[in-house]
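**Q** For reference, the chains in residue letters:
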Amino acid sequence: MQEGSVLQGDTPPVRFDVQGARGGVSIALIATLRRDLTLMLRHRGEVLNPLVFFALVITLFPIGISPDPVLLTRIAPGLLWVAALLAALLSLDSLFRSDFDDGSLEQLLLAPQPLAALSLAKVAVHWLLTGLPLALMAPLLGIMLSLPAGSYAILSLSLALGSASLSLIGAIGAALTVGLARGGVLLSLLVLPLYIPVLIFGAGAVQAAIMGDGAGAHLAILGALLAASLALSPWAIAASLRISING
Amino acid sequence: MWAFIHKLGSPKWFYAISAKLQPWCWAVAALLIVAGTVWGLAFAPADYQQGNSFRIIYIHVPAAFLAQSAFISMASAGLVFMVWKIKVADMAATVMAPFGAAMTFVALFSGAVWGVPTWGTWWMWDARLTSMLILLFLYLGVIALRGAFSSRDSGSRAASVLAMVGVINIPIIKYSVDWWYTLHQPATFSVTSTPSMPMTMWLPLLVMVLGFYSFFIALTLMRTRSEILRREGSKRWVRELFQEAR
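Sequence order for the protein chains is Z and E.
Reading the first sequence from the start, the letters are residues 1 to 247 in the numbering used here.
Reading the second sequence from the start, the letters are residues 1 to 246 in the numbering used here.
One or more hints might be untrue.
A partial selection of chain E residues facing chain Z, derived with a Cβ cut-off under 8 Å [to be verified]:
hint: 1; residue: A158
hint: 2; residue: V165
hint: 3; residue: I173
Simulated from the structure, these hints should not be mistaken for lab results.
Idealized CB from N, CA, C, for every residue including glycine.
Next comes chain Z alone, as it looks inside the complex (with noise of 0.2 Å):
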């Protein structure tokens, strides 16, 4: 690394390209999402640990209620999503912990670069690497909850498009609860509420699907609600993160 050479005596210093440190947002988005990848895949744990909790949670209600197929039926799709929906919140606690245990968060609000272009590829990598795998696992769930055949399609894409919302969402969160020492039970309280819209129209997506009717109009209200929160959830993280970092 170049900081090495900094600290030589012999060797002339090496003088920071300002002009090169401004790089454009793309440059600091890509370092950042490969950054987080890495770092992520490096912790396969924390990749799997969410989805196991979602299969456990969906093995519980069975046993918990009735292993009466008719009765699953029924309440597959809502059971499927409200289980997803914990899985990811679950998850959510380490999106910046150990970005801020280790400093690094505080190098992202000192970038050039605006942070909350920097806190949305985080939030990016978040739903890849738990969002989108709880979508791709869901029709499994779903076929030990003998969810009718038709919905799977439909099951999936309501989580992978609800999923984005809810990383989104659960960011705010996230960082205005990181600098505090127990703040897993508080993100929760802070969360779910702000969750609701999102699976109602998650769920009521799939459930349309088995009904017969079209499930367009719970998707296209999905999408509008991530657009929503895409376009305004990072001003939010991004004031969350310097409130957490300053106090």
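We have chain Z already, so just place chain E on it with the hints.
**A** What follows is chain E alone, placed relative to chain Z:
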């Protein structure tokens, strides 16, 4: 006009001005609430469908109004605090949160009590009840977040951000819950489907709503004043004030 607003932003001036306003607000609130209660409970005619049980509306509706207004005021105060760093705004937001949560609880509780004679059950997953319950959770989140920070300034700013995020979400939550309700359950009973209220029932309700709003303003003024004293206790003007009083 602007000079007045700037003065209002200083705790000292706010303390002095609110001292003059406060008794009037309390007087108006007490007058309106007493008048509305007596009018609504004793003189308004009984509902032809619900009998006397409808009279709970004179508590329920004003409380529900205030539950939402208090959240919006709290978020606006938070915005003012975040943008202009006016401390008084944050003090007002601090004292509005528990009041709003209490009003939400009153609206939920009176709704549950009202549900027994009209719906035959304490709780129904009605769209309005559900969104009110979610509002209560939002209030509790803001209060909990403010309390969780050890530094008061960080807690204030975090609570302001959360209140603003919440206020953007409230209409989304409300409409999505409405949609969900129409999808899942046909409306069995609805308070709104009763024919529009006659004037004799509606006027006391208006008086009660205005009375609750004056109560909100008076209580916010009073509690903001004590919050000012609590936070500015080490300032000279507060000390001088208490030396004079002694």
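**Q** Run every hint past the structure and note whether it holds.
**A** Do the hints match the structure? See the list:
Among the interface hints, the one on A158/E holds; its C-beta lies about 5 Å from the nearest C-beta in chain Z, closer than the 8 Å criterion. With a least beta-carbon distance of about 5 Å to chain Z, the hint placing V165/E at the interface is held under the 8 Å criterion. With a least beta-carbon distance of about 6 Å to chain Z, the hint placing I173/E at the interface is held under the 8 Å criterion.
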